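Visitor: Each chain, letter by letter, is given below.
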Amino acid sequence: MPAITETREQVEKLGQSSYKWGFETDIEMDVAPKGLNEETIRLISARKEEPEWLLEWRLAAYKAWLTMTEPSWAKVVYPPIDYQDAHYYAAPRKKPGPKSLDEVDPELLRTYEKLGIPLHEQALLAGVEVPEGEEARLPVAVDAVFDSVSVATTFRKTLSEAGVIFSPISEAVRDHPDLVRKYLGSVVPAGDNFYAALNSAVFTDGSFVFVPKGVRCPMELSTYFRINARNTGQFERTLIIVEDGASVSYLEGCTAPMRDENQLHAAVVELVAMEDATIKYSTVQNWYPGDENGLGGIYNFVTKRGACRGARSKISWTQVETGSAITWKYPSCILQGEGSVGEFYSVAVTNNHQQADTGTKMIHIGRNTRSTIIAKTISAGKSDSTYRGLVRMLPKASNARNFTQCDSLLIGDQCGAHTVPYIENRNMSARIEHEATTSKISEDQMFYCRQRGLSQEDAVGLIVNGFCKDVLKELPMEFAVEAQKLLQISLEGSVG
Amino acid sequence: MTDLLKISGLHASIDADGKPKEILRGVDLVIPPGEVHAIMGPNGCGKSTLSYVLAGREEYDVTSGSVTFMGRDLLDMEPEERAAAGLFLAFQSPVELPGVNNANFLRTAVNAVRRARGEAELDAVGFLKAVRAATKNLSMSDDMLKRSVNVGFSGGEKKRNEVLQMTMLQPTLAILDETDSGLDVDALRIVAEGVKNLRSPKFSALVITHHQRLLDYLGPDRIHVMARGRIVRSGGPELAKQIDAEGYASFLAEAA
Ligand SMILES: Nc1ncnc2c1ncn2[C@@H]1O[C@H](COP(=O)(O)OP(=O)(O)O)[C@@H](O)[C@H]1O
Ligand SMILES: [Mg+2]
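Respectively, the protein sequence lines represent chains R and V.
Position 496 of the first sequence, counting from 1, maps to 542 under this note's numbering, and the rest follow consecutively.
Position 163 of the second sequence, counting from 1, maps to 276 under this note's numbering, and the rest follow consecutively.
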C-alpha cells in the first residue's frame, strides 16, 4: 500500500483532532516539589543514587546557569518562562532500576502499546504480529523514557553479546562510571549555553550507547521519550560513543499529552565518533504542538552536537521536526579528524501557530573534511520557520568542502519562512557552496491534482513528500513511512 | 435518451484587477454518450475557460446557467468528485509537480478514483501491468514514469503524459484542450490513437483543437464553433473543413 493511501486513511480516521498521541496515562508518580534550586538537584542526584562527582558536576552547572541569560537571537517569540514554576523530577512510583519486562507496570506497557512502540521482544523476534501485506519489521532495540526515568530497555542481552552497551544513562553512571565520566560534557560542556547548563544541572535520564572497536551494532537502536506528568520539564541526556571502525544507527521519537500549558523540554545529546566510526542519528520529533489557536505545546530547546574525533569518521543527523510549539535546535558536527564527514538532513514542518528556528553548525577543523546540509522547511497556517546554519572553515581545514541546500515551501499566505546562513571561511583552499529556493504550492498544482481525483489532503501530502524526498530517503526504511504519515497529519487543515 | 453532458446558458467571469470580467456569455452545448465533439474557435474566445469551469476550477465565478453531467448538477461538485464521476481534462499546459514521482502520482490518482467509484484498488503489480501496456501504446519510455510529474518533459512528452493519465483513469467524458498543439505528425498520430482506443458507447470526448488533422483521425460526430464566449454554430464534420478553408471571420461576424 503506498504511503499516501495509508496516510489518507490515517487522516480520515483522525477526524478533526489530529494529534493522536495526546492521551494521558493515569499512574502514581513520585514528583519532586516545584522549583529549581540546589535542593532539587540534590534530590534528583539522591533518587538516582549518583556518585559524588556527578552531584558536584551538576551543582557547578547550576552555578553557571544562574549567571547566564536565555538566548534571544532566535526568531521565536514566547512569554518569559518561570523556571521556579515547574517540577524537575517525576517518575512512576515503582522503584526505577534494571528489571525485566514482566516487572514493568502494565499501565506503562499499555501506554507504549498505544503509542505503537514495541516493547515486547518476543513478538518482534518471531515476527508474528505482521499484518498481511506489510513487511516484517526488523527488530529495533528500544529504550523507553517516561518523564524523568527510563522504564524499559529491550534487546539488551542480544546487544551485550555483540559488545554493545545500550542502557539508561542513569544505569551507565553506575555500571560504567569511567566511560561516562570521561565523555559526559566532553562535546557539550556543562556551561555551553543556557539550556545545556540547565540540562546539566537537572538531567534525569536518557540513553547511553557504547559501541566498541570494530563492532557494527547488530540492530537499530532507538529511544522513545514520553512526557506525561503535568507542569514538568523533561531534561534528558543522551551520550553515544562509537570506537574505531564501529558503527551504529540510532533513532529517537517523542510525544506528549495535549495540555493547555506549555512544557519545557531541554535535552542534550553528545556523540563521539573515533577513527573510521559512523554514527547515524535520526529524529522524528512529534511533541505536542499546541492547538490550532496556539494554546499549549512543548518548548523544545535542545542542544545536539557530534564530535568526529577520528580520521574518516562520519556523523549524520537526520531530523523530521513536526511537533512542538517552539523548536530551537541546531544539531552540529565538529569535524576534527582528517577526512571526517558531517551531514545534516532536515525537514521542519510548522502549522497553525508553531515556531521553529532550527539548522546546523558544521565546524571544519581538520584537512579534507566534508559536510552536506540539506534543509527543507515547510510552513503552513500562521506559523513561522527559520533555517539558521553556520559553516565555519578553520585555518587548518585545507581542502574542506561544504554543500548547503535550503528549500522552503509555503502553504497559504499567512506563514513565514526564512533562511539565515552564516559562513566563515579562514582557509583559502576550502570550498563552500550554498543554494536556496522558496516555493509555494500553487493553485495550478492543487487543481491539477484534484482534477486527477486526489483530495486536497492527498495533493498536499504528495507535493510535500516530493519536496522532502531527499531527506526522507536518509531515514531508516521503517521510519521513513512513519515520517511521511506524520508530515501529512501535521499539515492537516492547512488547505481549503 | 439522457444526455451525458448538458450545458445551458452558462455565464462565467473572472476577477481581473478587482473587476469581474465575463468570459463565458451563455454557452449551450449537449454531448450524448459515446460521441466525440470538437470545439473550434479563435484564440481568447473562452475554450480553455469552458474546460476549466467544467472541471471545477475555483477562480471562475459561474454567474448563471447550469451544467448537468450524467444527470447530476456538475457545478455543485468538488473537482475531485467530478474526476471520480468520470470527467477528465487534458490540460492545455500540464502542471509540473517537482519531486513527485510520475508513476506514484498516477497510481495514487487511479486508486483515488477507483475507491470513489467503489472499485477495488490496484496493487503494485496490477498497476504496473496496466501502466506498462498503456505506455507501450503511447510509445512512451519507462523512464518518464520514474521522473517527476511533467518536470523537464518536452511539450510532446507532457501531452503524451496527459493521454496516459486519461487512459489509466478511464473517464466517461474527456476534455482535451489543444492536446494536439505543438506535436509533430508522429506524436499527433499516437495521441489520436490514444483517444481512439477509448472510443466506446461509454466514452465521450470534447476535443478543443485548431487543426483539421486531429479531426481526420478521430472522425468527430459534431463540430461546435465558439466565438466571444458562446457557441455560435454547430454542425457536422464539414464545418471543420469550412473553418480550415475560410478561417473564423464569418463566425466572428455572427457573434458580434
Ligand atoms: N485568470 C484570468 N485572468 C484574466 N483574464 C483571463 C484569465 N483567464 C482567461 N482570461 C481571459 O479570458 C479570455 C478567454 O481565455 P481562454 O479561455 O484561455 O481562451 P482560449 O482557450 O479560447 O484561447 C481571454 O481574453 C483571456 O485573456
Ligand atoms: Mg486555450
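FYI, nobody ran anything at the bench for these hints, they're computed from the structure.
A portion of the hints provided could be inaccurate.
[To be verified] If you anchor each label on the Cβ, the simulated ranges turn out as follows:
(1) V:K242 <-> R:F449: 52 to 60 Å
(2) R:S485 <-> V:D128: 52 to 60 Å
(3) V:D256 <-> R:D221: 49 to 57 Å
(4) R:P125 <-> V:S294: 42 to 50 Å
(5) R:P441 <-> V:D256: 45 to 53 Å
(6) R:E95 <-> V:E234: 51 to 59 Å
(7) V:V238 <-> R:R220: 34 to 42 Å
(8) R:L436 <-> V:V175: 35 to 43 Å
[Said to hold, decoys possible] Derived BS3-like pairs (lysine-lysine); straight-line CA-CA distance at most 25 Å:
(9) R:K121 <-> R:K326
(10) V:K242 <-> V:K134
(11) V:K315 <-> R:K515
(12) R:K531 <-> V:K259
(13) V:K354 <-> R:K519
(14) R:K531 <-> R:K407
[What the hints assert, rightly or not] Rough simulated footprint, nothing fancy, chain R against chain V, three-plus residues with beta-carbon under 8 Å:
(15) 168-182
(16) 309-322
(17) 325-337
(18) 358-365
Being a predicted model, the structure only gives us computed values, none of them experimental.
A virtual CB, placed ideally from N, CA and C, is assigned to each residue, including glycine.
Visitor: Look at each hint and say if it fits the structure.
Guide: Okay, the hints, checked on the actual structure:
{"no.": "1", "hint": "V:K242 <-> R:F449: 52 to 60 Å", "result": "violated, 41 Å"}
{"no.": "2", "hint": "R:S485 <-> V:D128: 52 to 60 Å", "result": "violated, 24 Å"}
{"no.": "3", "hint": "V:D256 <-> R:D221: 49 to 57 Å", "result": "holds, 56 Å"}
{"no.": "4", "hint": "R:P125 <-> V:S294: 42 to 50 Å", "result": "violated, 59 Å"}
{"no.": "5", "hint": "R:P441 <-> V:D256: 45 to 53 Å", "result": "holds, 47 Å"}
{"no.": "6", "hint": "R:E95 <-> V:E234: 51 to 59 Å", "result": "holds, 57 Å"}
{"no.": "7", "hint": "V:V238 <-> R:R220: 34 to 42 Å", "result": "violated, 54 Å"}
{"no.": "8", "hint": "R:L436 <-> V:V175: 35 to 43 Å", "result": "violated, 54 Å"}
{"no.": "9", "hint": "R:K121 <-> R:K326", "result": "violated, 28 Å"}
{"no.": "10", "hint": "V:K242 <-> V:K134", "result": "violated, 47 Å"}
{"no.": "11", "hint": "V:K315 <-> R:K515", "result": "violated, 39 Å"}
{"no.": "12", "hint": "R:K531 <-> V:K259", "result": "holds, 22 Å"}
{"no.": "13", "hint": "V:K354 <-> R:K519", "result": "violated, 55 Å"}
{"no.": "14", "hint": "R:K531 <-> R:K407", "result": "violated, 28 Å"}
{"no.": "15", "hint": "168-182", "result": "holds (count 5)"}
{"no.": "16", "hint": "309-322", "result": "violated (count 0)"}
{"no.": "17", "hint": "325-337", "result": "violated (count 0)"}
{"no.": "18", "hint": "358-365", "result": "violated (count 0)"}
When held up to the earlier numbered hints, the structure conflicts with 1, 2, 4, 7, 8, 9, 10, 11, 13, 14, 16, 17 and 18 and fits the remainder.
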